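Trainee: Each chain, written out:
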Amino acid sequence: MSVFIDKKTRVLVQGITGGEGRYWTKHMIDLGTQVVAGVTPGKAGQDVEGVTVYNTVQQAVTATQADASVLFVPPRFAHDAVFEALDAGIRKIVVTAEGMPLHEAMEIRSAARLLGATVMGGNTTGVITPGVAMMGFLPYWIDRVYRPGRVGVMTRSGSLTNEATAMMVKAGYGVSSLLGIGGDAIPLTRFAELLPAFEADPETDAVLIIGELGGSMEEEVAEAIEAGLFTKPLVAFIAGRNAPEGKKMGHAGAIVSGGKGSVAGKAKALRAAGALVADRPSEIGALFDQLGLPQ
Amino acid sequence: MKLFEYQAKGLFAEAGIAVPAGQVVDNVDAVEAAIGEVGLPCVLKAQVLRGGRGKAGLIQFATSVDAARTKAEQLLASDHNVQKLLVEESLKIEKELYLAITVDPLTGKALVMGASEGGVDIEDLAVNAPEKIVRQLVDIKQGILPFQLRNVMFGLGLKGETFKEGMQLLKALFGLFSRKDAELVEINPLVVTADGQLIAADGKFSIDDSAAFRQKGLARTREQFDSDIEFEAAEAGFPYLQFDGDIGLMCAGAGLTNTVYDLIADYGGTVANYLEFGGPNYRRAVEAMAFTLRSKPKVILVVTFGTIARADVMAEGLAEAIETLKPDVPIVTAIRGTNEEEATEILKGLGLEPLNDTEAAVQKAIALCG
Chain A
1 MSVFIDKKTR VLVQGITGGE GRYWTKHMID LGTQVVAGVT PGKAGQDVEG
51 VTVYNTVQQA VTATQADASV LFVPPRFAHD AVFEALDAGI RKIVVTAEGM
101 PLHEAMEIRS AARLLGATVM GGNTTGVITP GVAMMGFLPY WIDRVYRPGR
151 VGVMTRSGSL TNEATAMMVK AGYGVSSLLG IGGDAIPLTR FAELLPAFEA
201 DPETDAVLII GELGGSMEEE VAEAIEAGLF TKPLVAFIAG RNAPEGKKMG
251 HAGAIVSGGK GSVAGKAKAL RAAGALVADR PSEIGALFDQ LGLPQ
Chain B
1 MKLFEYQAKG LFAEAGIAVP AGQVVDNVDA VEAAIGEVGL PCVLKAQVLR
51 GGRGKAGLIQ FATSVDAART KAEQLLASDH NVQKLLVEES LKIEKELYLA
101 ITVDPLTGKA LVMGASEGGV DIEDLAVNAP EKIVRQLVDI KQGILPFQLR
151 NVMFGLGLKG ETFKEGMQLL KALFGLFSRK DAELVEINPL VVTADGQLIA
201 ADGKFSIDDS AAFRQKGLAR TREQFDSDIE FEAAEAGFPY LQFDGDIGLM
251 CAGAGLTNTV YDLIADYGGT VANYLEFGGP NYRRAVEAMA FTLRSKPKVI
301 LVVTFGTIAR ADVMAEGLAE AIETLKPDVP IVTAIRGTNE EEATEILKGL
351 GLEPLNDTEA AVQKAIALCG
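Chains as they are written, first to last, in our numbering: chain A, 1 to 295; chain B, 1 to 370.
If you are wondering where the hints come from, they were derived from the structure by calculation, not from laboratory data.
Incorrect hints may have been included.
Cross-link-like lysine-lysine pairs, in silico, DSS-like; alpha carbons within 25 Å at most [claimed, not checked]:
1. A:Lys247 - B:Lys55
2. B:Lys2 - A:Lys248
3. A:Lys26 - A:Lys7
4. B:Lys141 - B:Lys216
5. A:Lys248 - B:Lys204
6. B:Lys298 - A:Lys247
7. B:Lys2 - A:Lys247
8. B:Lys204 - B:Lys84
9. B:Lys84 - B:Lys71
10. B:Lys71 - A:Lys248
What you are looking at is a predicted structure, and each value in this text was computed from that prediction instead of being measured.
The task is simple: from the sequences and hints, build the whole structure.
Mentor: Put into structure tokens, the structure is as follows:
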């Protein structure tokens with residue numbers, strides 16, 4: 001079992017003929033992902049890494065029964081591409097584009113909730129179950145950064161995720177499934193909404209959350225733990241403890257305003273709920289040791 | 001992108017929302033003519049993007065032309081980077097309300113908030129008396145419906161003609177929020193005048209940077225930034241913040257850069273600038289270093305852990321930057337991720353001692369600052 005994606009997931013790549021689309025399609029296939037189709041309007045009949053390209057998502061789904069889609073399209077076309085996938089019946093979508101217009105993200109979030117779809121992103125590096133399958137772009141082949149294991153990971157960052165998983169590997173732990181929810185201001189799926197999948201996954205013993213200043217997603221995780229919706233051990237690292245108030249620290253979502261969204265507030269809420277919070281990435285392994293997790 | 005009050009009010013006026021009579025001036029001599037338009041007594045409002053202008057003394061009242069000139073001179077000479085003043089008529093205020101539209105990330109809807117106690121710090125009200133704030137979620141695609149307008153107006157306690165006027169005002173404000181790709185519009189206070197009229201006495205307006213490509217009428221300008229370098233970095237597409245410490249950052253990824261920033265503080269160092277050259281900028285090391293050098297760092301710290309942003313490409317970029325810019329400060333690197341072995345070789349070839357641990361790199365950078 002795994003979270004979000006497994007060997008049976010029939011993956012479609014929207015924007016497959018672009019540079020990134022081609023490159024990462026190869027890496028997804030190399031890991032064992034079942035990439036069944038690609039879509040680029042006007043490029044039907046082409047072939048990328050042995051994957052047939054279709055003009056529309058509808059045609060691709062009809063021909064291949066694709067049931068998940070990863071988007072390698074620029075931010076201003078992401079809204080259209082997500083709705084095209086939803087329209088064709090796809091309910092698992094990964095949006096890698098960074099900086100989709102906010103109002104378009106609102107529309108997607110709102111529509112996905114009504115349809116019961118899980119849309120990850122925008123600005124995510126994707127989802128992976130190491131050794132099984134991937135939708136997105138995580139450097140799973142670098143042994144010191146990723147290895148299969150029993151810790152579920154949820155993250156708002158890309159580079160920082162590599163930093164944190166490298167620290168896990170160093171301490172002897174690996175990843176069961178990793179879900180990147182992305183760094184945009186409106187995450188299309190939120191941390192707390194993904195906790196039930198990790199709770200149910202027999203291959204996940206504990207969860208690591210890589211959070212960031214801004215927003216309220218870490219606080220929602222604390223509420224879910226307190227409500228008994230998540231009962232496995234949880235460790236968090238949250239970047240931006242010293243960020244000055246009112247400054248946008250890179251990611252669109254990373255800002256503290258009116259005292260809300262501070263790392264101190266998030267850490268306090270998580271600790272009160274019984275979670276462990278690392279002040280530095282290098283402390284993550286020690287906290288897993290403290291929990292007595294099997295390596 | 002945050003707009004100045006006068007720009008926000010310009011948009012309000014275009015949308016049919018009443019604003020006080022006002023004129024923008026950028027020098028003392030223009031004040032008299034402005035008063036000719038708006039009358040006395042008048043209000044002089046410094047056009048800066050920070051909040052709490054009243055408490056900071058950046059809003060002044062004047063009852064004569066001479067007093068207005070003196071106060072304008074003081075405001076323009078203050079150390080708050082005041083480039084423009086808005087000279088406005090003084091309103092006859094009966095009541096002050098609060099009205100705002102923002103984004104609710106949880107539901108993916110627009111959130112309209114109103115309070116009959118405007119003019120105060122709305123965050124205090126939210127903490128101490130949340131029941132006094134009326135909240136209405138609105139589907140951005142559907143637009144605001146009449147019942148939603150009524151919910152807000154009853155929440156504001158309006159009656160009669162003012163109630164009807166308020167419905168129109170909020171409808172116009174929502175249209176503006178939607179058309180302009182706003183992330184926040186706020187009127188605080190929304191003044192009810194003695195004769196029952198509603199006037200937007202202040203205006204906050206923030207436009208989604210990710211939608212800038214279709215909001216071309218509202219260009220980024222120098223006056224929105226505290227420094228030339230922050231303006232130029234924004235124009236060039238680099239996330240950049242200016243600080244006054246020792247270590248110049250060239251990092252990739254917001255999460256990792258924030259982590260480096262935290263670690264520097266933990267270990268007792270200080271930061272000269274925050275700069276990210278990951279994502280779409282990972283091939284732009286020369287430009288990135290040029291910005292970093294302008295923050296006058298004692299040492300440059302490069303920390304990356306990229307996937308698409310390949311380590312070897314970033315290392316090559318750093319080599320080019322060193323050759324082009326010949327920085328006279330030490331450079332500490334932890335460049336990791338895709339093709340990190342090649343990156344390490346390139347960096348060694350430059351005579352650097354590449355590290356692969358973030359904390360070790362931070363400690364070394366701090367030590368080099370002396």
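Trainee: Just to be careful, I want the Cα atoms of Lys2 (chain B) and Lys248 (chain A) compared with a cutoff of 25 Å; is the pair within it?
Mentor: 12 Å, holds
Trainee: Quick one, are Lys247 (chain A) and Lys55 (chain B) close enough, alpha carbons at most 25 Å?
Mentor: 21 Å, holds
Trainee: Does Lys247 (chain A) sit within 25 Å of Lys298 (chain B), going by the straight-line distance between their CA atoms?
Mentor: Answer holds: Lys298 (chain B) to Lys247 (chain A) is near 24 Å, not above 25 Å.
Trainee: Assess, step by step, whether the Cα of Lys84 (chain B) is no farther than 25 Å from the Cα of Lys71 (chain B), and give holds or violated.
Mentor: 13 Å, holds
Trainee: Would you mind confirming whether the straight-line C-alpha gap from Lys26 (chain A) to Lys7 (chain A) stays at or under 25 Å?
Mentor: Within the cut-off at roughly 16 Å; holds.
Trainee: Run the distance test for Lys71 (chain B) versus Lys248 (chain A): straight-line Cα separation, threshold 25 Å.
Mentor: 33 Å, violated
Trainee: Regarding the pair Lys248 (chain A) and Lys204 (chain B), is the alpha-carbon distance no greater than 25 Å?
Mentor: Holds. Lys248 (chain A) to Lys204 (chain B) sits at ~17 Å (cutoff 25 Å).
Trainee: Is it true that the CA of Lys141 (chain B) sits at most 25 Å from the CA of Lys216 (chain B)?
Mentor: 22 Å, holds
Trainee: Below or equal to 25 Å on CA atoms is what counts here, so check Lys204 (chain B) against Lys84 (chain B).
Mentor: Answer holds: Lys204 (chain B) to Lys84 (chain B) is near 16 Å, not above 25 Å.
Trainee: Tell me if the straight-line CA distance from Lys2 (chain B) to Lys247 (chain A) falls inside 25 Å.
Mentor: OK: Lys2 (chain B) and Lys247 (chain A) at ~12 Å, within 25 Å.
This entry does not satisfy hint 10, going by the numbered hints stated previously; all others are met.
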